[in-house]
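Engineer: The residues making up each chain are set out below.
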Amino acid sequence: MMSKISKSMILIIGLMLLYIPIIIVCLLSFNDSMRPYEFNGFTLKWYQAIFTDKSLFNAIINTWLIALCAMIISTTAGTFIALQISKLKQKYKPLVMFLNNMPILNADIVTGISLMIIFSILGFSFGKYTMLLAHVFFCTPFVVLSILPRLKQLDDNAYDAARDLGCSHFQAIIKVIIPAIKIGIITGALIAFTMSIDDFIISYYTTGSGFSNFSTWIYSRLNRRTFNPAAYAYNTIIILGSLLTLVYINLNSKGGKKIEKN
Amino acid sequence: MKKLIELKNITKSFDEQIILDDFNLYINENEFITLVGPSGCGKTTLLRIIGGFENTDEGHVVFDNQDITKLAPNDRQINTVFQKYALFPHLNVYDNIAFGLRLKKRDEQEINELVKWSLKLVNLSNYEQRDIDRLSGGQQQRVAIARAIVNKPKVLLLDEPLGALDLKLRQNMQYELKELQKKLHITFVFVTHDQEEALSMSDTVVVMNNGQIQQIGTPEDIYNEPKNRFVANFIGESNIIPGKYLGNKLVEFENAIFECVDTNFKENELCDVVIRPEDFDVVNLENAKIKGIVTDKVFKGVHYELCLDVNNKEYIIHTYEDAQIGSTIGLNVDAFEIHLMKVNSLENA
Chain A
1 MMSKISKSMI LIIGLMLLYI PIIIVCLLSF NDSMRPYEFN GFTLKWYQAI FTDKSLFNAI
61 INTWLIALCA MIISTTAGTF IALQISKLKQ KYKPLVMFLN NMPILNADIV TGISLMIIFS
121 ILGFSFGKYT MLLAHVFFCT PFVVLSILPR LKQLDDNAYD AARDLGCSHF QAIIKVIIPA
181 IKIGIITGAL IAFTMSIDDF IISYYTTGSG FSNFSTWIYS RLNRRTFNPA AYAYNTIIIL
241 GSLLTLVYIN LNSKGGKKIE KN
Chain B
1001 MKKLIELKNI TKSFDEQIIL DDFNLYINEN EFITLVGPSG CGKTTLLRII GGFENTDEGH
1061 VVFDNQDITK LAPNDRQINT VFQKYALFPH LNVYDNIAFG LRLKKRDEQE INELVKWSLK
1121 LVNLSNYEQR DIDRLSGGQQ QRVAIARAIV NKPKVLLLDE PLGALDLKLR QNMQYELKEL
1181 QKKLHITFVF VTHDQEEALS MSDTVVVMNN GQIQQIGTPE DIYNEPKNRF VANFIGESNI
1241 IPGKYLGNKL VEFENAIFEC VDTNFKENEL CDVVIRPEDF DVVNLENAKI KGIVTDKVFK
1301 GVHYELCLDV NNKEYIIHTY EDAQIGSTIG LNVDAFEIHL MKVNSLENA
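Same order as they appear, the protein sequences are chains A and B.
Take the first sequence: its position 91, counted from the start at 1, is 91 in the working numbering, and no numbers get skipped.
Take the second sequence: its position 342, counted from the start at 1, is 1342 in the working numbering, and no numbers get skipped.
It is worth saying that the hints were derived from the structure and are not from the lab.
The beta-carbon is built from N, C-alpha and C at its ideal position, and this holds for glycine as well.
Just so you know, not all the hints are guaranteed correct.
Covered stretches of chain A (in silico footprint by chain B; criterion: 3 or more residues with CB under 8 Å from a CB of chain B, positions within the stretch not fixed) [unchecked claim]: (1) 156 to 169; (2) 186 to 196.
Capping the alpha-carbon separation at 27 Å, the derived lysine-lysine pairs in DSS-like fashion look like this [claimed, not checked]: (3) B/Lys1244 - B/Lys1003; (4) B/Lys1300 - B/Lys1244; (5) B/Lys1003 - A/Lys175; (6) A/Lys93 - B/Lys1084; (7) B/Lys1152 - B/Lys1104; (8) A/Lys175 - B/Lys1168; (9) B/Lys1003 - B/Lys1168; (10) B/Lys1070 - A/Lys87.
Derived DEER-like restraints, expressed as beta-carbon distance ranges [to be verified]: (11) B/Asp1131 - A/Ile121: 37 to 43 Å; (12) A/Ile183 - B/Asn1112: 53 to 59 Å; (13) A/Ile183 - B/Asn1233: 46 to 52 Å; (14) B/Asp1166 - A/Pro149: 34 to 40 Å; (15) B/Glu1179 - A/Thr76: 56 to 62 Å; (16) B/Asp1022 - A/Lys152: 35 to 41 Å; (17) A/Asp108 - B/Asp1022: 38 to 44 Å; (18) B/Asn1112 - A/Phe80: 54 to 60 Å; (19) B/Asp1166 - A/Phe80: 38 to 44 Å; (20) A/Met102 - B/Ser1039: 35 to 41 Å; (21) A/Leu65 - B/Asn1112: 43 to 49 Å; (22) B/Asp1022 - A/Ile121: 43 to 49 Å.
This is chain A alone, in the form it adopts within the complex:
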């Protein structure tokens, strides 16, 4: 009996450790006080403040714009790179895969600093374009990695079959290859999007001239007395958004399985 109780205690403590920080952020977003250590009553004004604090609102918009653009560019690039890798001769594949995986394994700080050095050597002016470029750089390998297994599953002759039935090279890619690896592309795009929205370190080293995304904005304000709790409100919205998405996906995939059984 004792061991059963202690086991469930461990589970509860573990879960609490995971969720308390999230819950605190949610609570703070409703706190009618600028200071996190005192609770003055319930308010929704921080949710409104997201839109009125111009620098915060800009940072949020920047984050989403960078993430969207990085997703589109890295998914397109990653798809074509994956297609080329799958056409390579078997003996070259391990080398190319190694080169693809290297940036993934690299520490963000190394990636960030090396990109910063390259951009300054090339004389780029730091700002939104360097940050976007950096995001594309670290997202693309993930896209490649999520598409390659789909291409491997594809029948060796799928492309030939499309050509055989009258497709030009381009039509064969659009009408047969892309739809067949669609799930890999979507997965890759989602990974790229979340990677970009999450990123702080690489963004920090590759941005400049007053351009900040949400994470660099928070970093620039952390030790000020005027830290705007609207950031908590935005975080709460993000948490709710991901939670709802997860619930929706779970419900849907269960429904899908039921249909398959019939």
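Put chain B on the given structure of chain A with help from the hints.
Structural biologist: Same frame as chain A, but now just chain B:
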């Protein structure tokens, strides 16, 4: 008969390994021609060259008197049934079959009729809306065939299409494919490594090895009169025995003289004698020209397969009667069952 496809001096190599070596072949209209050979003999490469999926290093592909060597696959009046079917998993049966017609911008009404027609031909009516991954291997095979023939090509290329099916299904499909070819009047170019399949389906069999043709002929020719050791061994089982042609339709082997039907040998020329296992007659020992000791015996259903030791050479014979291992039995061979091959056609197999 009209020549539909001519392959002239085709040479092809991958990574400096020669796959096809100065290969020449013509294919007639409405012919069921089978390319058969061990894996790596170049038969699939040849099919891919006809389909336009591989370029040739040298040589020309002529189709209906036009040089199509450089023509892209989508511009050829040829369709292919691929080894693992290569159906499009994101489309259902109907859309897979309609794929080629839609690219040709036929109107939907006509497409609908043609898809139904082709599904009926392969006995898959009412499967239009099925997803590909919910079909069995045999059904996928039929969809792949329907997807190709719905375009009414002049030539259908089939790359080991029955390889993944189990024996019973394979035999049914062999029969159905043959019927389909007769019904549609399309030239079929069929690739297989299964010699039995080649014999039972084809009008013409092309036996290939090391990128070269070993023999072309009707199934009967190939089986009864193999040109060299490779063909004799690859197509069916054979006993190949060294002998000497004595002239006057007489041949000597195993210290006995036999009548035969071949004549194109010089007197006392050495030759290889080919006798199929089923062509031996088991006779009484006093009438026998060859005697052998039974060393092994396998029951095959219709017949027994016996291994015999004849003067320290191993013979394989098929017989309906049982024999004891260790016993001596007598053999005889009729003149028309003996086939002689030139020794200089020696092709090690």
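Engineer: None of the hints should be skipped; say for each whether it holds.
Structural biologist: Now the hints, each set against the structure:
Counting residues of the region 156 to 169 of chain A whose CB falls under 8 Å from any CB of chain B gives 12; the rule of at least 3 is met. Against chain B, the region 186 to 196 of chain A contributes 0 residues with a C-beta closer than 8 Å to a partner C-beta. That does not satisfy the three-residue criterion, and the hint is violated. For the hint pairing lysine 1244 of chain B with lysine 1003 of chain B, the CA-to-CA distance comes to about 40 Å; that exceeds 27 Å, so the pair is violated. Proposed proximity of lysine 1300 of chain B and lysine 1244 of chain B is contradicted: the alpha carbons are some 33 Å apart, above 27 Å.
Among the hinted pairs, lysine 1003 of chain B with lysine 175 of chain A is inconsistent with the structure: their alpha-carbon atoms are about 35 Å apart, more than 27 Å. Only pairs whose Cα atoms come within 27 Å are accepted, and lysine 93 of chain A paired with lysine 1084 of chain B is accepted, the gap being roughly 24 Å. Note on lysine 1152 of chain B and lysine 1104 of chain B: the hinted pairing holds, with a Cα-Cα distance of about 12 Å set against a maximum of 27 Å. For the suggested pair lysine 175 of chain A and lysine 1168 of chain B, the alpha carbons sit about 36 Å apart, so the restraint of at most 27 Å is broken.
Under the criterion of a C-alpha separation no larger than 27 Å, the hint pairing lysine 1003 of chain B with lysine 1168 of chain B is inconsistent with the structure, at around 35 Å. For a cut-off of 27 Å, the pair hint linking lysine 1070 of chain B to lysine 87 of chain A stands: about 22 Å separates their Cα positions. A C-beta distance of roughly 54 Å is found between aspartate 1131 of chain B and isoleucine 121 of chain A, which places it outside the suggested range of 37 to 43 Å. Separated by about 30 Å at the C-beta atoms, isoleucine 183 of chain A and asparagine 1112 of chain B break the suggested range of 53 to 59 Å.
At roughly 49 Å, the beta carbons of isoleucine 183 of chain A and asparagine 1233 of chain B sit within the given window of 46 to 52 Å. For aspartate 1166 of chain B and proline 149 of chain A, the Cβ-Cβ distance of about 29 Å falls outside the hinted range of 34 to 40 Å, so the restraint is violated. In this structure the supplied range 56 to 62 Å is violated for glutamate 1179 of chain B paired with threonine 76 of chain A, their Cβ-Cβ distance being about 49 Å. In this structure the supplied range 35 to 41 Å holds for aspartate 1022 of chain B paired with lysine 152 of chain A, their Cβ-Cβ distance being about 37 Å.
For aspartate 108 of chain A paired with aspartate 1022 of chain B, a C-beta distance near 59 Å fails the hint of 38 to 44 Å. Taking 54 to 60 Å as the suggested C-beta distance range, the pair asparagine 1112 of chain B and phenylalanine 80 of chain A does not conform, at roughly 36 Å. One distance hint, 38 to 44 Å for the beta-carbon pair aspartate 1166 of chain B and phenylalanine 80 of chain A, holds here, with the actual separation near 41 Å. Separation of methionine 102 of chain A from serine 1039 of chain B is about 38 Å and conforms to the stated range, judged on CB atoms against 35 to 41 Å.
Taking the beta carbon of each, leucine 65 of chain A and asparagine 1112 of chain B are about 47 Å apart, inside 43 to 49 Å as hinted. Look at aspartate 1022 of chain B against isoleucine 121 of chain A: about 57 Å separates their beta carbons, and that is not inside 43 to 49 Å.
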